[in-house]
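Work out the full structure, taking the sequences as your base and the hints as a guide.
Protein chains: 4
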Amino acid sequence: MTTFESIAPQLESLAIEVPSWAYGNSGTRFKVFGTPGTPRTVAEKIADAAQVHRYTGAAPTVALHIPWDVSDDYAALRRYAEGLGVGLGTVNSNTFQDDAYKFGSLTAADPAARRQAIDHHLRCIEIMDATGSRDLKIWLADGSNYPGQNDLRQRQDTLAESLAEIYAQLGDEQRLVLEYKFFEPAFYATDVPDWGTSYAHVAALGDRATVCLDTGHHAPGTNIEFIVMQLLRLGKLGAFDFNSRFYADDDLIVGAADPFQLFRILFEVVRGGGLDPEAGVAFMLDQCHNVEDKIPGQIRSVLNVQEMATRALLVDRDALAAAQAANDVLGANAVLMDAFYTDVRPSLASWRESRGLPADPMAAFAASGYLQQIAADRVGGTQAGWGA
Amino acid sequence: MTTFESIAPQLESLAIEVPSWAYGNSGTRFKVFGTPGTPRTVAEKIADAAQVHRYTGAAPTVALHIPWDVSDDYAALRRYAEGLGVGLGTVNSNTFQDDAYKFGSLTAADPAARRQAIDHHLRCIEIMDATGSRDLKIWLADGSNYPGQNDLRQRQDTLAESLAEIYAQLGDEQRLVLEYKFFEPAFYATDVPDWGTSYAHVAALGDRATVCLDTGHHAPGTNIEFIVMQLLRLGKLGAFDFNSRFYADDDLIVGAADPFQLFRILFEVVRGGGLDPEAGVAFMLDQCHNVEDKIPGQIRSVLNVQEMATRALLVDRDALAAAQAANDVLGANAVLMDAFYTDVRPSLASWRESRGLPADPMAAFAASGYLQQIAADRVGGTQAGWGA
Amino acid sequence: MTTFESIAPQLESLAIEVPSWAYGNSGTRFKVFGTPGTPRTVAEKIADAAQVHRYTGAAPTVALHIPWDVSDDYAALRRYAEGLGVGLGTVNSNTFQDDAYKFGSLTAADPAARRQAIDHHLRCIEIMDATGSRDLKIWLADGSNYPGQNDLRQRQDTLAESLAEIYAQLGDEQRLVLEYKFFEPAFYATDVPDWGTSYAHVAALGDRATVCLDTGHHAPGTNIEFIVMQLLRLGKLGAFDFNSRFYADDDLIVGAADPFQLFRILFEVVRGGGLDPEAGVAFMLDQCHNVEDKIPGQIRSVLNVQEMATRALLVDRDALAAAQAANDVLGANAVLMDAFYTDVRPSLASWRESRGLPADPMAAFAASGYLQQIAADRVGGTQAGWGA
Amino acid sequence: MTTFESIAPQLESLAIEVPSWAYGNSGTRFKVFGTPGTPRTVAEKIADAAQVHRYTGAAPTVALHIPWDVSDDYAALRRYAEGLGVGLGTVNSNTFQDDAYKFGSLTAADPAARRQAIDHHLRCIEIMDATGSRDLKIWLADGSNYPGQNDLRQRQDTLAESLAEIYAQLGDEQRLVLEYKFFEPAFYATDVPDWGTSYAHVAALGDRATVCLDTGHHAPGTNIEFIVMQLLRLGKLGAFDFNSRFYADDDLIVGAADPFQLFRILFEVVRGGGLDPEAGVAFMLDQCHNVEDKIPGQIRSVLNVQEMATRALLVDRDALAAAQAANDVLGANAVLMDAFYTDVRPSLASWRESRGLPADPMAAFAASGYLQQIAADRVGGTQAGWGA
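Chains as they are written, first to last, in my numbering: chain A, 1 to 388; chain B, 1 to 388; chain C, 1 to 388; chain D, 1 to 388.
Quick caveat, the hints were computed from the structure, so don't treat them as lab data.
Accuracy of the hints is not assured; some may be wrong.
Computed cross-link-like contacts, DSS-like style, restricted to lysine-lysine with a CA-CA straight-line distance of at most 27 Å [what the hints assert, rightly or not]:
| no. | chain 1 | residue 1 | chain 2 | residue 2 |
| --- | --- | --- | --- | --- |
| 1 | B | LYS102 | B | LYS31 |
| 2 | A | LYS31 | B | LYS102 |
| 3 | A | LYS31 | B | LYS236 |
| 4 | B | LYS31 | A | LYS102 |
| 5 | D | LYS236 | A | LYS236 |
| 6 | C | LYS31 | D | LYS31 |
| 7 | D | LYS102 | D | LYS31 |
| 8 | C | LYS31 | B | LYS236 |
| 9 | D | LYS102 | C | LYS102 |
| 10 | C | LYS102 | C | LYS31 |
| 11 | A | LYS31 | A | LYS102 |
Dropping the structure here:
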């Protein structure tokens with residue numbers, strides 16, 4: 001049996017990066033609902049993100065999205081964030097909201113569009129130098145809606161060339177993380193649709209290129225924890241984008257749709273050594289709080305990952321191995337389920353208090369009046385959003 | 001064997017309604033790309049729609065979306081359309097883009113939101129009186145993103161009450177058509193998610209309430225032609241929203257993703273008598289031309305339905321029945337496939353010419369210079385779109 | 001807050017029927033693995049089923065499958081079962097393993113096949129009279145593998161006639177329960193593929209015809225708890241076939257694949273009054289223990305339903321209603337999640353002991369040596385199985 | 001424009017291997033229906049397969065399944081086949097029907113099971129030496145039904161070791177082809193579930209290891225032609241197992257469920273050079289004729305591939321490239337659709353006759369009386385089947 005005390009040290013090193021864009025408005029193609037208090041600037045987004053870390057102690061860095069978070073002084077932005085107790089993290093590039101990218105960016109047959117997209121990534125690397133970010137995360141919206149629209153093969157070759165040029169500009173301590181996605185916004189063929197494609201590209205690039213796994217970017221029924229296991233085995237799991245889904249890329253709060261799946265994913269992370277800091281696996285949220293409050297939505301998400309990682313760490317690995325060796329199907333499954341059904345919340349509440357954090361971060365944040373304060377303060381201006 | 005000549009009369013009565021919103025900009029939550037020449041007004045949308053009918057002879061009416069197509073004089077709008085050779089068709093209500101509907105419209109627990117939504121539909125019926133429209137089509141975005149967010153049962157009961165109040169206001173020649181959708185924009189529970197729910201509601205309302213089947217609104221793998229057959233059998237198939245999909249509600253050109261599925265659907269329409277005008281089945285397009293030209297996209301769609309209906313009509317029903325009666329699996333399937341693989345395009349080209357239409361509507365429209373003209377003419381103003 | 005004590009009385013009336021066939025061998029089209037001790041006779045199946053009730057106190061009846069469980073003296077079989085502490089429950093008809101049904105049974109165009117299928121159901125009703133069973137459950141394998149193979153519409157009409165003849169023979173206290181299934185063994189069209197089709201048929205039959213919902217019989221992503229809610233609302237939820245799935249109709253142990261889904265389903269049962277005995281909802285298992293031990297697999301399943309029903313009953317309905325009324329998305333969701341994450345196992349262990357049952361039914365059964373005993377005793381003969 | 005004459009030479013070299021097991025009985029877990037005339041021996045299977053080649057001229061080899069097709073004299077079997085005008089092709093191993101493999105074969109933690117499975121493959125290589133077969137195809141049923149049942153990571157490592165031992169025994173002209181499958185018969189985790197996993201393994205093995213793509217082995221909605229393109233690009237597409245599906249691994253006749261998908265797949269084969277003999281892509285059928293006649297089912301399948309390859313070859317590649325370069329979405333799609341909607345059947349009928357083959361292979365076979373003959377001749381004995 002595994003005790004909470006024995007696994008607590010590993011929890012201390014579990015850091016979940018939050019994305020700047022989670023604090024802006026998001027929605028669907030049908031409607032984006034605004035909310036009083038939504039940030040108008042990068043600084044306000046970072047201020048909101050700092051609240052998540054303040055109440056959870058587990059969200060020490062904020063990911064940026066370029067150009068949503070462009071600044072004329074990244075060093076100052078970094079100091080500002082640090083003043084609020086958080087650091088700047090992964091830089092996410094955006095090559096899907098300029099008219100030039102209507103028919104592709106890094107994969108485009110059109111040299112001008114491709115050039116613009118590559119240059120955008122080179123600019124992102126400069127920003128990383130200023131912010132001290134380790135990871136450049138690339139998610140491509142590139143794809144097509146109709147069979148025949150694109151030459152699928154040409155686009156893979158073009159992508160390989162584009163990535164190679166970007167990779168060559170990375171510093172020795174910097175990494176390229178390539179995300180894949182099943183579909184959307186392309187509705188026929190997506191140029192990086194699955195982990196195999198992402199893996200083939202990063203394997204060709206080199207050691208500092210890895211795969212980003214977004215938990216919402218798979219076909220229905222996909223066994224995601226298997227992919228986690230395989231990428232860890234291949235040494236190519238660079239990052240997670242956490243969220244959850246019932247249908248497509250719903251971008252709901254991580255753990256909200258299928259908590260048992262999150263448990264299985266985190267168990268494979270534990271099993272494969274992915275919680276060790278030297279494994280280099282970045283844990284990030286990437287969600288859309290369309291109808292719920294954004295900061296509490298992020299706090300809830302950080303807690304969900306933390307609680308579920310606790311359950312995953314509590315699995316009695318010796319008992320599991322023994323049952324597996326005996327082909328005791330029900331016994332092995334029961335070892336896993338026992339950890340999943342353990343109510344870890346009281347232990348975590350005590351542990352938080354012992355670290356100077358609120359036992360119940362959700363309640364503490366609600367009591368703080370922060371939401372009311374920003375709703376009163378942030379009047380006028382243009383609320384941040386995806387810009388679609 | 002069935003000849004083209006024998007089925008041509010049925011093609012003459014095949015009318016495909018086009019939606020006004022297909023001519024405005026559409027996109028995804030990531031980006032809406034604009035196009036030169038996109039209409040700024042309802043009148044311009046109708047003008048574009050009239051082009052589709054001009055070149056195909058098969059798209060005689062235009063569906064409206066309220067409030068996207070609000071007008072202060074619907075009678076004048078009707079005359080304007082008729083002057084262009086088309087009529088005004090189905091009125092589609094919109095209860096998803098007002099802040100009041102963030103947590104529901106006709107299903108809302110909040111009486112004010114619900115009242116506003118009902119009143120909006122009553123206003124739509126007044127518009128129908130002015131435009132001479134037969135059908136009020138209701139598609140609800142109502143739903144929830146998280147388990148527990150809504151009381152699912154309460155919302156069904158509330159919906160039933162709301163629909164009853166709307167239904168009571170319909171004229172004797174008017175109909176209510178209730179559309180269902182698997183998911184989006186709600187990502188946990190949609191309040192009218194499947195044909196069974198829509199059927200249960202319209203069966204409770206009465207004879208002038210029927211179901212609208214959108215071909216993109218089903219779970220993966222759903223046998224849509226079975227539902228077509230069942231709704232025709234139950235006397236409750238009121239309308240189609242045609243489009244196609246590879247993944248979710250992609251809203252691609254009808255027939256683009258799975259032409260054989262469209263064939264099977266149209267064969268069940270034929271089999272079930274749905275092409276008979278007295279069956280009262282409305283055929284409409286409901287698509288998003290995100291990256292392709294809009295008017296040619298609509299022409300292509302009308303032609304796809306027309307060509308596939310031709311193939312469906314060409315099925316040798318006697319040979320099929322004989323093979324089915326003999327449990328000749330391969331033989332029965334072959335009868336269907338023979339019609340599907342028949343190249344009906346030459347026959348249709350001749351038939352069009354015999355009716356004073358261009359043999360190749362796509363080429364004729366392209367040669368007309370209309371797209372270049374509107375790109376030059378429609379400068380300034382705000383391009384129409386979904387408004388999200 | 002809801003206490004365990006307050007909901008315990010409802011748990012006492014929660015009865016989960018077990019299927020006789022769960023104790024025989026099952027497998028896939030690739031291989032059926034046998035196990036020492038597998039029953040050879042109906043009596044041995046019932047003896048195994050009685051073990052499940054002995055250790056859980058929650059599985060008081062055994063469902064029969066005809067002709068797998070044919071007997072020349074059902075009254076004697078009933079007494080035998082009662083002597084072991086269990087009753088005989090639902091009678092399940094089988095119209096998929098006779099060569100006559102290759103192209104359909106109740107839906108067949110062939111009058112001889114259809115007659116045989118109807119007569120089989122009339123025989124099942126006679127058996128019900130002898131066993132005292134209330135429910136006749138009909139699951140049809142009828143369907144087709146290729147478009148055109150069958151006339152889909154004819155088969156619906158034929159099915160309606162067949163069901164009407166069967167329904168007419170039911171006694172006043174007997175019911176017909178019609179199950180639906182998305183696909184398999186038919187791979188193109190299934191004749192009762194969704195709840196809407198089953199609902200349309202049972203609504204036409206009358207009050208004593210209801211729908212059976214098998215939790216593994218839906219398209220990917222289907223919101224099953226919504227269907228539970230809707231059928232309860234329409235007064236037509238007759239029975240559950242419990243199991244779980246990751247992919248298709250995997251027939252895994254209920255709650256094994258997605259425990260949170262089982263929770264949501266049971267919450268809608270509670271919400272809709274489905275746990276009240278007068279609601280007439282039968283709870284049954286329908287699973288395949290292909291690689292795990294069968295009796296412990298059934299005990300585990302009964303416990304899973306019992307534990308999850310406990311969590312569903314523990315939901316603080318007042319707090320939920322308040323949060324829903326306030327459109328507090330995160331708050332309402334949190335009420336549900338709080339119950340889900342509560343570890344109900346200690347309370348249930350105590351409660352079992354207070355009722356004279358073992359605190360840990362799995363451990364108690366394992367310690368009993370029953371599996372070793374039947375492995376030693378049941379030598380020779382033909383192990384029961386699906387007979388494919 | 002591309003003419004039939006210009007592409008006919010490529011059709012001549014298109015060979016589609018047929019599997020011996022297609023002529024035996026197959027079915028579902030619910031029922032396997034027998035048919036008069038079903039082969040009892042390997043020789044009878046090969047005789048049936050020879051009929052397919054006789055009438056189509058496009059199915060020159062027969063794949064074997066070991067141990068279903070064990071023989072005590074493979075050289076004699078080879079001569080027998082050659083006497084009937086066909087060769088012996090791919091050897092398919094079977095490690096899913098021995099009780100030893102209940103919990104895995106090449107992936108098993110149990111050394112004895114793993115040893116047996118490796119030895120079975122070494123024996124298959126000996127058979128290949130005798131039959132002159134080039135390819136050893138490995139499809140593994142290995143997997144688990146419940147989370148925790150297996151150590152997923154251990155099994156990947158074990159699999160890599162097992163494959164390396166087998167690969168080392170291959171002759172210089174022999175290849176290992178590793179098939180992947182989404183699910184079934186394992187219902188939680190399959191050990192080779194996707195192309196990425198298969199690719200990672202064969203890349204580690206060496207040049208003579210490639211991937212087998214079965215068109216029915218993907219998650220719902222997967223863009224299969226993308227994978228075809230990618231594997232050709234990576235030089236790792238070794239073989240196809242053709243069939244079609246509406247739901248899971250339905251194993252229907254190739255092209256029956258989604259003919260347009262088959263067209264897109266074959267277009268990517270053409271685009272990527274996969275029809276060139278030096279590409280080394282093997283085209284094989286792998287289907288289950290559960291309810292239809294088997295030999296005509298195979299003939300229909302060979303014709304479907306041939307007809308669709310013809311359409312794929314007819315695509316006007318220059319026009320396509322021009323439209324793609326101009327980002328003419330509708331134009332590029334139209335080039336593809338024009339080829340798809342071309343009725344190639346008359347051209348193929350003439351071409352067949354010019355090569356001394358029947359214009360209509362289905363009709364010619366039906367007229368031959370072969371089915372009636374084998375039904376009369378093959379009396380007694382045990383019909384071949386999967387043996388489940």
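Verification of the supplied hints:
For the hint pairing LYS102 of chain B with LYS31 of chain B, the CA-to-CA distance comes to about 22 Å; that is within 27 Å, so the pair holds. Between LYS31 of chain A and LYS102 of chain B, the direct Cα distance comes to roughly 9 Å. Compliance with the 27 Å bound is thereby established for this hinted pair. Distance hint between LYS31 of chain A and LYS236 of chain B is unfulfilled; the C-alpha atoms sit about 31 Å from each other, more than 27 Å. For the given pair, LYS31 of chain B sits about 9 Å from LYS102 of chain A by alpha-carbon distance, which is consistent with the 27 Å threshold.
Under the criterion of a C-alpha separation no larger than 27 Å, the hint pairing LYS236 of chain D with LYS236 of chain A is consistent with the structure, at around 20 Å. Our distance criterion of 27 Å between C-alpha atoms is met by LYS31 of chain C and LYS31 of chain D, whose separation comes to about 13 Å. A C-alpha spacing of about 22 Å is found between LYS102 of chain D and LYS31 of chain D, which places the hinted pair at or below 27 Å, so the restraint holds. For the suggested pair LYS31 of chain C and LYS236 of chain B, the alpha carbons sit about 45 Å apart, so the restraint of at most 27 Å is broken.
With a C-alpha separation of about 30 Å, the suggested pair LYS102 of chain D and LYS102 of chain C falls outside the 27 Å cut-off, and the hint is violated. Straight-line distance between C-alpha atoms of LYS102 of chain C and LYS31 of chain C comes to about 22 Å, which keeps the hinted pair within the 27 Å bound. For the hint linking LYS31 of chain A to LYS102 of chain A, the alpha-carbon distance of about 22 Å falls within 27 Å, and the restraint holds.
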